[in-house]
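> Full structure from sequences and hints, please.
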Amino acid sequence: MAGAADPRPGDPLFAPEHRDAAFDWLCGLGDGALILGHRLSEWCGKAPALEEDIALANVALDLIGHAEMWLALAGEVEGQGRSADDLAYLRDALRFRNPLLVELPNRDMAVTTMRQFLFDAWHLPMLHALSESASPRLAEIAAKARKEVAYHLERSQDLVIRLGDGTEESHARMQTALERLWPYAGELCQPAPGDAALVEAGLVPDMAAVSATWQEILDETLREATLERPEGRADVQNGGRKGRHSEHLGFLLAEMQFLQRAYPGAEW
Amino acid sequence: MYAQMVKSDPTEGEPTPEEQAFQARIDAGEKIEPKEWMPEGYRKTLIRQIGQHAHSEIVGQLPEGNWITRAPTLERKQILLAKVQDEAGHGLYLYSAAETLGVSRDELTEKLLSGAMKYSSIFNYPTLTWADMGAVGWLVDGAAIMNQVPLQRTSYGPYSRAMIRICKEESFHQRQGFAIMMKMAQGTPEQKEMAQDALDRFWGPALMMFGPSDKDSVHSAQSMRWKIKMNTNDELRQKFVDETVPQAEFLGLTVPDANLAWNEARGHYDFSEPDWEEFFEVLKGNGPCNQERLEARQTAWDEGAWFRDGLSAYAEKRAARRAGQATAAE
Chain E
92 MAGAADPRPG DPLFAPEHRD AAFDWLCGLG DGALILGHRL SEWCGKAPAL
142 EEDIALANVA LDLIGHAEMW LALAGEVEGQ GRSADDLAYL RDALRFRNPL
192 LVELPNRDMA VTTMRQFLFD AWHLPMLHAL SESASPRLAE IAAKARKEVA
242 YHLERSQDLV IRLGDGTEES HARMQTALER LWPYAGELCQ PAPGDAALVE
292 AGLVPDMAAV SATWQEILDE TLREATLERP EGRADVQNGG RKGRHSEHLG
342 FLLAEMQFLQ RAYPGAEW
Chain W
72 MYAQMVKSDP TEGEPTPEEQ AFQARIDAGE KIEPKEWMPE GYRKTLIRQI
122 GQHAHSEIVG QLPEGNWITR APTLERKQIL LAKVQDEAGH GLYLYSAAET
172 LGVSRDELTE KLLSGAMKYS SIFNYPTLTW ADMGAVGWLV DGAAIMNQVP
222 LQRTSYGPYS RAMIRICKEE SFHQRQGFAI MMKMAQGTPE QKEMAQDALD
272 RFWGPALMMF GPSDKDSVHS AQSMRWKIKM NTNDELRQKF VDETVPQAEF
322 LGLTVPDANL AWNEARGHYD FSEPDWEEFF EVLKGNGPCN QERLEARQTA
372 WDEGAWFRDG LSAYAEKRAA RRAGQATAAE
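Protein sequence lines correspond, in order, to chains E and W. With the numbering used here, the residue at position 150 of the first sequence is 241, and numbering never jumps. With the numbering used here, the residue at position 250 of the second sequence is 321, and numbering never jumps.
Mixed in with the good hints there might be a few duds.
Some chain W residues flagged as far from chain E (calculated, every beta-carbon gap over 12 Å) [what the hints assert, rightly or not]:
#, residue
1, D98
2, G100
3, L172
4, R246
5, D313
6, Y385
Computed spacing ranges between beta-carbons, pair by pair [what the hints assert, rightly or not]:
#, chain 1, residue 1, chain 2, residue 2, range
7, E, R324, W, D177, 41 to 49 Å
8, W, P105, E, G323, 51 to 59 Å
9, W, R236, E, R186, 40 to 48 Å
10, E, E358, W, D346, 32 to 40 Å
11, E, G285, W, S175, 55 to 63 Å
12, E, D177, W, Q257, 16 to 24 Å
I should point out that these hints are in silico values taken from the structure, not numbers from a laboratory. A virtual CB, placed ideally from N, CA and C, is assigned to each residue, including glycine.
Printed below as a string of structure tokens:
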């Protein structure tokens, strides 16, 4: 109801002037976690070793758990009564706000591992900064998620180093994966136009600072992995925050949303 | 448990004093530990049984993995993913238990892929609707538990300890499966139809999980003496039917067996034998999903080779660098 009292007194996240931008920003974070978690879950039973099956499922579970928290909060901020499930299962691609990187197909374990590393190396400093947010709700979820993401980064960074500096073949595959993903990687650190007011209010981190840490982690890890940082721009492929996605997202959503779309209103 | 028709190697001729002492320890309820003396037949039978169980956990990820990307809510997606992850974990405990008997995980995997070792027939059936996620948990995990609970007392220490951990998780899975069935059975007409259809398709294959009838089961006696097998196939099948029929009634679903009836005199349900011809066809590789299941495992193994090799190569390089540094420091 327009003009209703602030539902969360004292938490600036719920201030009416931030509503649209905060909803959009939270969807960006929640959708990123959801779509990447979904992609990782596609590996189930098919990983190169049992330990990897278990680890990939772990990371997928963490991310889907984060998505649930972010999307639930997005729904609260929006104030239209939409739940995390409503947002996950009943929006079409135009309304999804995830970066394109996470919706790209898994291909081989080199692409999956490199994508995970590029994401984790952004995710951790972002959550770290977000845990200092002026919004207690944002800070609380970020602090919780950060502990899990620290483990994600440790694992993906370690794998990038080991596979990069492994055999000739594993090195070549990792380098190819990096080059393939590079044009998508920079979108992680690109703010959307609406974010400026949120940054100014101290609600969400300034991406320039997050980007600096991200670049440092990348450089250090790639050096140790004996991989070469591609020369081209890292931000040519983007559009997720505007709902402009790759061809892949539509198929992913068709699969993910099938039951909710085929049997509207049923409980599961 | 997911072991069917595990061949046992009975001791030939008069038992030696060592074999007699071994049997006496088992009869006294002692646990046999990895470094201790054991008859070769005991070791081989255990490897076959534990290996088959481990393979079943691994292949068993596939029919449920089939629905993770289509799970209807975020919560259901997480529960299913966690469940399938538990199965990979069970595979890991069991391969480790088999390793204590002198066989590596890679050797067992090669035998699975070549067809020299089997996995449970149940995982060669398709999962066609979301209700199958309920039916698999309720019936398949339910049938597995019947076998696994007594195996917590099996004579081989590492196997017994693996079973204790596995049983805790399996009974949780079974309850989760039942909860899905409950939602479906109480849901819309379409959901109820899916629930009944899932029961119709999984009932017979679930009964087959216990293996052939005792009169046709040739390997039981020795395994039971060794406490590798704790109950006969028919005993466990009866127990499963007795526990499951009231649950189906509670759900308002119909067990697809016209001969199913409570037998007051026996104190058990009478029921029809499952279609054993179908069972043997599935074991031969002619079930609806045998080819897909093995292909999926073969692809994971082949396409993962570079990944495993890469990690091994790095580990060797690192060890060599450390050795080099140690030498340089001297």
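> Each hint needs a verdict: does it hold in this structure or not?
Checked hints:
1. Non-interface status of W:D98 relative to chain E is upheld: no Cβ of that chain comes within 12 Å, the nearest being about 36 Å off.
2. Non-interface status of W:G100 relative to chain E is upheld: no Cβ of that chain comes within 12 Å, the nearest being about 33 Å off.
3. Its beta-carbon lying about 18 Å from the closest one in chain E, W:L172 satisfies the requirement of being farther than 12 Å from that chain.
4. For W:R246, the requirement that its beta carbon stay farther than 12 Å from each beta carbon of chain E is met, with the minimum near 16 Å.
5. With 12 Å as the threshold on Cβ separation, the claim that W:D313 sits away from chain E holds: the shortest Cβ distance comes to roughly 30 Å.
6. In this structure W:Y385 is not separated from chain E by more than 12 Å, as the shortest Cβ-Cβ distance comes to only about 4 Å.
7. At about 44 Å, the CB distance of E:R324 to W:D177 agrees with the hint of 41 to 49 Å.
8. Separated by about 56 Å at the C-beta atoms, W:P105 and E:G323 satisfy the suggested range of 51 to 59 Å.
9. Distance hint check for W:R236 and E:R186: the Cβ-Cβ separation is about 44 Å, which falls inside the suggested range of 40 to 48 Å.
10. A beta carbon spacing of about 35 Å between E:E358 and W:D346 agrees with the range 32 to 40 Å that was offered as a hint.
11. The hinted window of 55 to 63 Å between E:G285 and W:S175 holds, with their beta carbons roughly 56 Å apart.
12. Checked against the hint of 16 to 24 Å, the pair E:D177 and W:Q257 passes, with Cβ atoms roughly 22 Å apart.
Of the hints listed earlier, the one the structure fails to meet is number 6.
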